[in-house]
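Protein chains: 2
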Amino acid sequence: MTNKGFTLWFTGLSGAGKTTLAKRVEKEILMRGMGVELLDGDVIRTNLSKGLGFSKEDRDTNIRRIGFVCNLLERNGAVAIAAAISPYADVRREIRALHKNFVEVFTKCSLDKLTERDTKGLYKKALAGEIKGFTGVNDPYEEPENAEIVLDTEAESIEDSTNRILTYLEERGLVPAPVGGDVSAEERKAIEAKLKDLNFV
Amino acid sequence: MTNKGFTLWFTGLSGAGKTTLAKRVEKEILMRGMGVELLDGDVIRTNLSKGLGFSKEDRDTNIRRIGFVCNLLERNGAVAIAAAISPYADVRREIRALHKNFVEVFTKCSLDKLTERDTKGLYKKALAGEIKGFTGVNDPYEEPENAEIVLDTEAESIEDSTNRILTYLEERGLVPAPVGGDVSAEERKAIEAKLKDLNFV
Chain D
1 MTNKGFTLWF TGLSGAGKTT LAKRVEKEIL MRGMGVELLD GDVIRTNLSK
51 GLGFSKEDRD TNIRRIGFVC NLLERNGAVA IAAAISPYAD VRREIRALHK
101 NFVEVFTKCS LDKLTERDTK GLYKKALAGE IKGFTGVNDP YEEPENAEIV
151 LDTEAESIED STNRILTYLE ERGLVPAPVG GDVSAEERKA IEAKLKDLNF
201 V
Chain S
1 MTNKGFTLWF TGLSGAGKTT LAKRVEKEIL MRGMGVELLD GDVIRTNLSK
51 GLGFSKEDRD TNIRRIGFVC NLLERNGAVA IAAAISPYAD VRREIRALHK
101 NFVEVFTKCS LDKLTERDTK GLYKKALAGE IKGFTGVNDP YEEPENAEIV
151 LDTEAESIED STNRILTYLE ERGLVPAPVG GDVSAEERKA IEAKLKDLNF
201 V
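Chains as they are written, first to last, in our numbering: chain D, 1 to 201; chain S, 1 to 201.
One thing to keep in mind: the hints can contain errors.
Same chains, same label: a pair holds when it works inside one copy or across any pair of copies.
Listed below are the simulated DSS-like cross-link pairs for lysine-lysine, each with C-alpha atoms no more than 30 Å apart in a straight line [to be verified]:
(1) LYS4 - LYS23
(2) LYS100 - LYS113
(3) LYS23 - LYS120
(4) LYS100 - LYS120
(5) LYS4 - LYS189
(6) LYS194 - LYS132
Just so you know, these hints were derived from the structure itself, not from any lab.
Computed from a prediction, not measured in an experiment: that's the story for all the values here.
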């Protein structure tokens, strides 16, 4: 194991698969015996971004705040996973510059497909003008040009996308290959407790 | 080295020595070869609490946010030092409950002494009613009843207070004893770079 901290930063439109994939990868990393912290929408809203709105300034503050926390974890040898729309390229670049090991994952999905899925009914409302400042509809999303990983979540299965991320992290030496029986009983117990805590099991 | 994460939480009135002592302890821990993150007023205002005011609700949000970050660091084996007034006992208790290794340090100093020192001139203004909601003057401060360390910063020297904290941490097995020549050249280089970065040298 490398014990090298890193930040895995998901960016993409609402509904494009950021949180779903982040949770899959989180679980996989835990199963391999590493600690990991997931900062997704729920965690961020509860613990970091209360009181912030959707102006560019507030969005930037929110993303900088998440980046600050990820960087603290990363430079202390921990693994941080962020799943936030993070629509602006300049702020993503700024956060990347703080890090030693920053892996940007772009969950790419067309607006047509997102509107078709629309699990929360938000795209229809945004397209009808009922929601203002909705990223991708009436608020900008700047696609990353140099993301380490670009996932076509419109075409790829969740399993394939998850595997592509893990393969990349293994190749970079940031996570170990999947473990077989070489985890101690104590470690396995700790992993199981963490997974239970996260409602995975 | 223990590699056990912990949070050192300073609480006390403005001017009672929280940040001064936190920086001393931070430097000492770095000198002993451990990583450490200091969340003091400046760091917090810049990175976590923008937009928050001084109502009880906003103060609580601020303190909870700092506690959230400290806990992330602590549970990933890192050392977090927080230096914030944190006036309310219930929120401090809440944050303590998140942690496995939580060390509360109360910098105790009388209002008379703080008004006498008054390096920033804030106490005189608060006592004259020019600043509203100033903790200890016209806003509550609830003294901790079960702080692990109580420092009488009115009578004790900075050196004595620093040493008392470090002795406590050593006895708890949270930090190693001071290192002599047993730090590798590489480690020493990393420590020196970190100290330089923090403007200690």
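Hints, one by one, checked against the model:
Proximity of LYS4 to LYS23 under the C-alpha cut-off of 30 Å is found in both arrangements, the shortest distances being 20 Å within a copy and 26 Å between copies. For a Cα distance limit of 30 Å, the shortest separation of LYS100 from LYS113 qualifies neither inside one copy, at 35 Å, nor across copies, at 45 Å. For a Cα distance limit of 30 Å, the shortest separation of LYS23 from LYS120 inside one copy, 19 Å, qualifies, whereas the shortest one across copies, 48 Å, does not. In this assembly of identical chains, the alpha carbons of LYS100 and LYS120 never lie at most 30 Å apart, being 36 Å within a copy and 38 Å across copies at closest.
In this assembly of identical chains, LYS4 and LYS189 lie within 30 Å of each other by CA distance both inside one copy and across copies; the values are 23 Å within and 18 Å between. When the C-alpha separation of LYS194 and LYS132 is checked against a cutoff of 30 Å, the pair qualifies neither within a copy, at 39 Å, nor between copies, at 45 Å.
Of the numbered hints listed earlier, those contradicted by the structure are 2, 4 and 6.
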